[in-house]
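Student: Each chain is listed here by its residues.
Number of protein chains: 2
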Amino acid sequence: MENLTMLTDLYQLTMMQGYFVNGYRNKEAVFDVFFRSIPFNGGYALAAGLEQVIEFIENLRFKEDDLAYLKGLNIFQEDFIEELRNFRFTGDIDAVQEGTPVFPYEPLIRVKGRIFETQLLETAILNLVNFETLIATKASRVVTAAGKGPVMEFGLRRAQGPDAGVLGARAAFIGGCQSTSNVLAGKRYGIPVSGTQAHSWIQCFPSELEAFRAYARTFPDNCLLLVDTYSALESGVPNAIKVGLELEAEGYHFQGIRLDSGDLTYLSQEARRMLDEAGLKKAIIVGSNDLDEETIFSIRAQGAKINAWGVGTHLITSKDSPSLGGVYKLAAEGEQGVFHPRLKVSENISKITNPGIKKIVRFYNRSGKAMADLIALDDEDFSDRKSLTIFDPIQTWKRKTLTNFQTRELLLPIFRAGKRVYEPPALQEIQEYSRQELNSFWDEVKRLANPHTYIVDLSSKLFELKQELLLAIHNEIKDNKN
Amino acid sequence: MENLTMLTDLYQLTMMQGYFVNGYRNKEAVFDVFFRSIPFNGGYALAAGLEQVIEFIENLRFKEDDLAYLKGLNIFQEDFIEELRNFRFTGDIDAVQEGTPVFPYEPLIRVKGRIFETQLLETAILNLVNFETLIATKASRVVTAAGKGPVMEFGLRRAQGPDAGVLGARAAFIGGCQSTSNVLAGKRYGIPVSGTQAHSWIQCFPSELEAFRAYARTFPDNCLLLVDTYSALESGVPNAIKVGLELEAEGYHFQGIRLDSGDLTYLSQEARRMLDEAGLKKAIIVGSNDLDEETIFSIRAQGAKINAWGVGTHLITSKDSPSLGGVYKLAAEGEQGVFHPRLKVSENISKITNPGIKKIVRFYNRSGKAMADLIALDDEDFSDRKSLTIFDPIQTWKRKTLTNFQTRELLLPIFRAGKRVYEPPALQEIQEYSRQELNSFWDEVKRLANPHTYIVDLSSKLFELKQELLLAIHNEIKDNKN
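Same order as they appear, the protein sequences are chains W and R.
Reading the first sequence from the start, the letters are residues 0 to 481 in numbering that gives the first Met the number 0.
Reading the second sequence from the start, the letters are residues 0 to 481 in numbering that gives the first Met the number 0.
Bear in mind the hints are in silico, worked out from the structure with no lab data behind them.
Please note: incorrect hints may appear among the correct ones.
Each pair may be met inside one copy or between any two copies, as identical chains are not told apart.
Under the rule of at most 25 Å between Cα atoms (straight-line distance), these lysine-lysine pairs were calculated in the DSS-like manner [to be verified]:
1. Lys186 - Lys62
2. Lys445 - Lys477
3. Lys186 - Lys70
4. Lys477 - Lys241
5. Lys397 - Lys385
6. Lys62 - Lys318
7. Lys186 - Lys350
8. Lys368 - Lys358
9. Lys399 - Lys465
10. Lys385 - Lys445
11. Lys241 - Lys304
12. Lys460 - Lys350
13. Lys241 - Lys70
14. Lys70 - Lys350
Since this is a predicted model, take the numbers as computed values, not measurements.
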């Protein structure tokens, strides 16, 4: 990834100049990255994008042509531009590991540093984390719907630009996809790549049969034939069977066929019958064509004979919910390491933020199942508690007492004083970690439709701090009016 | 933009090897880029992305580490990898100018060359053209809804990755946005940048008034204040008025305020009244907060007093329709410049392609209004005709006779024998060209809801060719069955 220092909103730079000239240059701040609701009405999201955030921060520096451009805007002072020339991130970052199931209001990334520098980071961090978290979550749903059938991501041509294709393939792999069609993503992140031939291949030969034979000659070990260019059942499948039998006669294993249009339930059942009758019982059927988790779930429920799924547009653009509303909100400000918790009020209760320097504690029962998360202040410790009563921060009468629990803190140190202290795992490890993490959640939380809501409460200490600050702000506004 | 040669689907490379080893290495092909339906149920789309396609093609070459990666996949032959090492595009490309209003089935880009090379181009071309065309079209709708009020694009934090933010800002500008918050897009494409301060700025000062004053001190000429951190009407607007009057007293022009939450109709009317009563009649009100064309249209219809609009997530992700289904379909294949038209059949009539090497002819009436487009074969000429009867290619009884027309061909030569023969215009020129082009369409076609369907027919010659080929394929499938 190239240097993304300039991938920011202008207002970050105008605010930075404002802090610079108003004596707030060394003021410190803590920002939280979090989202307010789970996309797709799902039960969880999978955090992703941290590796790109790390890369962004490690490459942070303004190049001379960046500075020349900013100067040319005629809104920045010379001494401020000079300050940007030496800009490096010198703060601390904590974050949840990629692939971790996460929930609304949990700080996925916590940035602490001079406000001058933390402000600049907002836009790129949100851009990267919002998109990758969204796609990893969507992919996880598609993979859940597909059951044991592997899911191949191949949405690049409909992705929202090159990065969306490449980072989307990465996030989809975290979410459990088995491969991508995207060669650049394969090269960059070591994701297995897959793909065979398109309709144009079939059309370029005098007949479908000749096209199939030519492909089989070239890739006898990896021969998956696209059968719907003319007519799947009347032409494609019969021709594929001919070529498949020829390959098997030569000692190769015929891989199978791909259906890319029509009714996948009906066509796959008919194609399966034809393949089986011809003795090609091991040939697989791949289904594709505008699939998403709902369609896959529904097609499977009808008994379609599909062994693997190719998923494009709906996954790579997260079509039914193409943005995650992750935000970057001030949680505390201070000086020389002494911080004051801050919150943002709003008419809309869901937009009120949680104040202070916080962490996430996940509570597991004896059999290792996740029971609840607590958003707590950083200095709280629950590991020695025998029992703990938690309560919903809105409907405070909803209480639950946890006993016999083990706790785990989700935020890990990523940067300290500007230096990276975390080694990002390989992508395959992230995928496996995510799979195991999801295993620690009840199936009810992972259901595609109307899942059970996983409990995420505030610690009593955080809850009380929030109430105090809310009251103080309301009193202040009232005083101003009088 | 970096080298995007590897931004392709694996199957393009497997097909290339297939053509390479099966004696089809020099076979030639013509591919069309087109979409099948207008997004947002709108009346037109604006073509965009050509400049990025040109850049992609001019930078096409496999680097050594790309070739090493491909070799490591163990599916490609040594001589094929060697062929890739010398790969350059040597064909012809024709395309419609960026910013041109376009319609379903019109070839926006036509690629002619050796199938070996035209195949590789598919994925990246679609990725770039699908996304930018989608966002330019969405932006055009938002700008239409906003009427005379300028629209500022500021969706970067919710864009689907860095490129989506940058290319999206570019496309949004083509569609008529006035500025972007995205500094990198501003630098790269010369788009005006805008932005002032966020809620975190207000929260970092002891009080809102102090925060406003600090901002006014820093940017007295460009002081637009965000008034909804605590309470827009009880705190934000009164404080902004104080600071605005202080600025005006010092001889500066106070720019105005931004409302970013709550009911924009009500708040803007109240804020307008308060500003006017304080004598700040020239201060503007900017509205933002999850806006799209429908909300803007509706808020304006209710008499909101908003002078300019900030539009983020809905625009940059094209939230209600986040993908354009542009495809790249074989239209002809041949050898040594002699081409045979080809089409793809489908059970779904809308998925049958138009065969042959084609062009788009736009017919204007005497007053310069666009009356209809004709997709025709490349060697047809209508400019000398006195009258022409055109007909709908599905409902062929729907006929219309054009007289007194002027014609214009939309496809321009972009590459000839691999050399660029076209100089892309500056982005500002594209925006202005697009604005003028839209002026040549009736308002009925540009209506946001239920627009009039602009006529796009096939020439009689193309229509007949298509019928012939369809019949031939159906007979062939029937013969195969017998």
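Student: State for each hint whether it applies.
Tutor: Cross-check of the supplied hints:
1. For the homomeric pair Lys186 and Lys62, the shortest alpha-carbon distance between copies (12 Å) is at most 25 Å, but the shortest distance inside one copy (28 Å) is not.
2. Taking the closest pair of Cα atoms, Lys445 and Lys477 never come within 25 Å of each other, the shortest separation being 45 Å inside a single copy and 49 Å across copies.
3. In this assembly of identical chains, Lys186 and Lys70 lie within 25 Å of each other by CA distance solely across copies; the values are 11 Å between and 38 Å within a copy.
4. Proximity of Lys477 to Lys241 under the C-alpha cut-off of 25 Å is restricted to the inter-copy arrangement: shortest distance 18 Å between copies versus 83 Å within a copy.
5. For the homomeric pair Lys397 and Lys385, the shortest alpha-carbon distance inside one copy (20 Å) is at most 25 Å, but the shortest distance between copies (80 Å) is not.
6. In this assembly of identical chains, Lys62 and Lys318 lie within 25 Å of each other by CA distance neither inside one copy nor across copies; the values are 36 Å within and 34 Å between.
7. For a Cα distance limit of 25 Å, the shortest separation of Lys186 from Lys350 qualifies neither inside one copy, at 41 Å, nor across copies, at 33 Å.
8. For the homomeric pair Lys368 and Lys358, the shortest alpha-carbon distance inside one copy (20 Å) is at most 25 Å, but the shortest distance between copies (62 Å) is not.
9. Taking the shortest Cα distances, Lys399 and Lys465 sit within 25 Å of each other inside one copy (21 Å), while across copies they are farther apart (69 Å).
10. Taking the shortest Cα distances, Lys385 and Lys445 never come within 25 Å of each other, neither inside one copy (29 Å) nor across copies (67 Å).
11. For the identical chains of this complex, Lys241 and Lys304 are intra-copy neighbours only, at 20 Å inside a copy versus 71 Å across copies, given an alpha-carbon limit of 25 Å.
12. Taking the shortest Cα distances, Lys460 and Lys350 sit within 25 Å of each other inside one copy (20 Å), while across copies they are farther apart (61 Å).
13. Taking the closest pair of Cα atoms, Lys241 and Lys70 never come within 25 Å of each other, the shortest separation being 69 Å inside a single copy and 31 Å across copies.
14. In this assembly of identical chains, Lys70 and Lys350 lie within 25 Å of each other by CA distance neither inside one copy nor across copies; the values are 36 Å within and 52 Å between.
The structure fails hints 2, 6, 7, 10, 13, 14 (numbered hints given earlier, in ascending order).
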